[in-house]
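Visitor: Please build the complex by placing chain B on the supplied structure of chain A, with the hints as guidance.
Chains A and B, in that order, are what the protein sequence lines are.
Note that this note's numbering has the first sequence beginning at 1, numbered continuously upward.
Note that this note's numbering has the second sequence beginning at 1, numbered continuously upward.
One thing to keep in mind: the hints can contain errors.
[Said to hold, decoys possible] To give an idea of the chain B side of the interface with chain A (calculated C-beta under 7 Å), a few residues:
#1 Thr194
#2 Asp195
#3 Glu196
#4 Glu198
#5 Ala199
#6 Leu203
#7 Gly204
#8 Ala205
#9 Gln209
#10 Val214
#11 Leu216
#12 Pro217
To be clear, the hints were calculated from the coordinates, so they are not data collected in a lab.
Using N, Cα and C, we set each Cβ at its ideal position, and we do this for glycine too.
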Amino acid sequence: MSIDVSNIRKRFGSFVALDDVSIRIPTGELVALLGPSGSGKTTLLRIIAGLETPDAGLVRFDREEATNLSARDRKVGFVFQHYALFRHMTVFENVAFGLRVRPRRLRPTEQKIRARVEELLGLVQLDWAGQRLPSQLSGGQRQRVALARALAVEPKVLLLDEPFGALDAKVREELRRWLRRLHDELHITSVFVTHDQEEALELANKVVVLNKGQIEQAGTPEELYHHPATPFVYNFLGNVNLFHGRVHDGKIYISGTPIAVNSGHDLARADGQSAAVYVRPHLLDIHLTPNGGSSFPATVRHINSAGPTVKVELTSQWGDQVHVEIDHERFRALRLEREKQVYLSPRENKVFIYQI
Amino acid sequence: MQSDEGEIGRLMRENYAWIAPLDPARSIWGATVEPRWVQVLLTGGAILFLGVFLFVPLAAVFGEALRNGVGAYAAAIAQPEARSAIKLTLLTATVVVPLNLIFGLAAAWLLTRFEFRGKNLLTSLIDLPFAVSPVIAGMIYVLLFGAQGWFGGWLGAHHIRIIFALPGIILATTFVTFPFIARELIPLMEAAGTDEEEAALTLGASGWQMFFRVTLPNVKWGLLYGLVICNARAMGEFGAVSVVSGHIRGLTNTMPLYVEILYNDYDFAASFAVASLLTLLALLTLAAKSVLARRSLPSREEPQPKQPARLVA
Chain A
1 MSIDVSNIRK
11 RFGSFVALDD
21 VSIRIPTGEL
31 VALLGPSGSG
41 KTTLLRIIAG
51 LETPDAGLVR
61 FDREEATNLS
71 ARDRKVGFVF
81 QHYALFRHMT
91 VFENVAFGLR
101 VRPRRLRPTE
111 QKIRARVEEL
121 LGLVQLDWAG
131 QRLPSQLSGG
141 QRQRVALARA
151 LAVEPKVLLL
161 DEPFGALDAK
171 VREELRRWLR
181 RLHDELHITS
191 VFVTHDQEEA
201 LELANKVVVL
211 NKGQIEQAGT
221 PEELYHHPAT
231 PFVYNFLGNV
241 NLFHGRVHDG
251 KIYISGTPIA
261 VNSGHDLARA
271 DGQSAAVYVR
281 PHLLDIHLTP
291 NGGSSFPATV
301 RHINSAGPTV
311 KVELTSQWGD
321 QVHVEIDHER
331 FRALRLEREK
341 QVYLSPRENK
351 VFIYQI
Chain B
1 MQSDEGEIGR
11 LMRENYAWIA
21 PLDPARSIWG
31 ATVEPRWVQV
41 LLTGGAILFL
51 GVFLFVPLAA
61 VFGEALRNGV
71 GAYAAAIAQP
81 EARSAIKLTL
91 LTATVVVPLN
101 LIFGLAAAWL
111 LTRFEFRGKN
121 LLTSLIDLPF
131 AVSPVIAGMI
141 YVLLFGAQGW
151 FGGWLGAHHI
161 RIIFALPGII
171 LATTFVTFPF
181 IARELIPLME
191 AAGTDEEEAA
201 LTLGASGWQM
211 FFRVTLPNVK
221 WGLLYGLVIC
231 NARAMGEFGA
241 VSVVSGHIRG
251 LTNTMPLYVE
261 ILYNDYDFAA
271 SFAVASLLTL
281 LALLTLAAKS
291 VLARRSLPSR
301 EEPQPKQPAR
311 LVA
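Chain A with its partners taken away, still in its complex shape (with noise of 0.2 Å):
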């Protein structure tokens, strides 16, 4: 079922949580909501939901309105951040709630829920822990049986508020892989909102990058990680150096130094104005003498080589912070140290400029 949402705005008091949010979510797409939180994206997968009605604006399931339909009618799926499993009742019967509370005609007997939920809990594999309670589960084991129970309605659409939000890192690795699987093999619209990036790009067919209500960004993974549309897109989406510059004769001059530039960027028109270059740490090159007019010096302040790539932190002639991330081998063959000078180089066409 594809999802429309149009125009929706919603305020709490004064502040502004949506502000005119649209998106088209096609059916059988798997699309995350990223932002910072306070951006309104938790709020707008309640809406879509039906646990919060816009002030204005549409919600529309397959072309049909569905703005005024109660969340018990939409026939969504949801999934909570802290899993909301209903703490009285065993793992067996919160999968076997949704079918149990049908109205008489539309209930499966007995014999078909109980061969529902042991299928879903198959599902999810937790089989073995269908008479549990489910404060004798781990958030993990808890959040599967979550999944389990907002499937077992077989929804049009299933809705994932931060669904490993509450769980360690491990875990989340491992829920997110697991969760990619069974979006490929049921196919179903999920909608899921999450503050990591990383959790975005790597689960969402589609991601829609959300900022103070309102979008900064949709599109795929790789189009918002190598063009994002705003300083806000580029910033979120991983470690970033910003350097402040000035357009002069088609190059951006950072104090004094120029900057090689992306053919892309059409800097002729914008001759003598103030422009921020973004630069990610694994995109600066550290020599140790200068390299052609394009480098700048720096001063190496603290060197961290616990990890797969080597984080380097310096100091720009002009006082800046920066971070360098180098490889293992290109670290040892600079030999590095602190307090060393050396000179950085933002590998060409590898900067992101946005002109002020």
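Guide: Frame of chain A, contents of chain B only:
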């Protein structure tokens, strides 16, 4: 109470004895363990206090009640006036407790599930019956419904009796016992939050299904606890009922009022016989209360099963 070094103490003693010989009274957790003489003094003091103020009077009630033998005791209770008082008390409780069950649930629901203007005011108003002397609660109803009261004329013209009759007793008792159930439910429902209820809704439950299958089971022990103490107070209320009942023997005397009347008539044995019934009720209430209080606490997390989280490779 026996002072016990406990599991940690044993482990410390066995594994860290080489650091320093451990004396339970001066060990690292000794800061929270009082010396023995303080323990004895405090415990002894508490027991003495309980003895003087609770156990002795309790024993006295039953002792006095049975002073003239079991036969006199049974006769005192079997008296028509006594039976009528018992019946009236039971009837009052039967009406008041369900009423307050509904009011309490509604108030707790309103205060924990909705945001509205004046919510704080309403929350404090629920406590009003706790703050006001029961006698004043009774006076309010006399002022409103008594012959000289605001509605007295109209009620008199329509031959409706509230004061010095059963409706007055029920009204006064309802007022006095109103907070018990609401007060018990509000913190429980607040702690339970709305997540489970929202989950029930998205799974297709109707409002009533959500209430009976999710909300109510989550607060059921707390609710029972509230019912028990509400019932105890409804049966034992004296002040408010005394003002509105008129003390008409065999008609508007509840058990507590009847006890007082008998006592004032110097009929001590009969007075204590009826009092012993109320005391028995109190003891039963206490027992039920302690069982329910333990149940209504959120169940402690049990240790996780040692079952591997098997994921499809």
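Visitor: A separate judgement is required for each hint: does it hold in the structure or not?
Guide: Here is how each hint holds up against the structure:
Interface hint status for Thr194(B): violated, as the beta-carbon distance to the closest one in chain A is roughly 9 Å, over 7 Å. Taking 7 Å as the C-beta cut-off, the interface hint given for Asp195(B) holds, the closest approach to chain A being about 4 Å. For Glu196(B), the suggested interface contact is upheld, since its CB lies about 5 Å from the closest CB of chain A, less than 7 Å. The beta carbon of Glu198(B) is positioned within 7 Å of a beta carbon in chain A (closest approach about 5 Å), and the interface hint is therefore held.
For Ala199(B), the suggested interface contact is upheld, since its CB lies about 4 Å from the closest CB of chain A, less than 7 Å. A distance limit of 7 Å between C-beta atoms decides the matter here; for Leu203(B) the minimum to chain A is near 4 Å, and the interface restraint holds. At its closest, the beta carbon of Gly204(B) sits 6 Å from a beta carbon of chain A; the interface hint therefore holds under the 7 Å criterion. Given hint, Ala205(B) at the interface with chain A, holds; its Cβ is 4 Å from that chain's nearest Cβ, closer than 7 Å.
Annotation: Gln209(B) was flagged as interfacial toward chain A, and the flag holds, the nearest CB pair being 5 Å apart, inside 7 Å. Checking Val214(B) against chain A by beta carbon gives a least distance of about 6 Å; that is within 7 Å, so the hint holds. Evaluation of the Leu216(B) hint against chain A yields a violated restraint, the C-beta minimum of about 10 Å exceeding 7 Å. Annotation: Pro217(B) was flagged as interfacial toward chain A, and the flag holds, the nearest CB pair being 5 Å apart, inside 7 Å.
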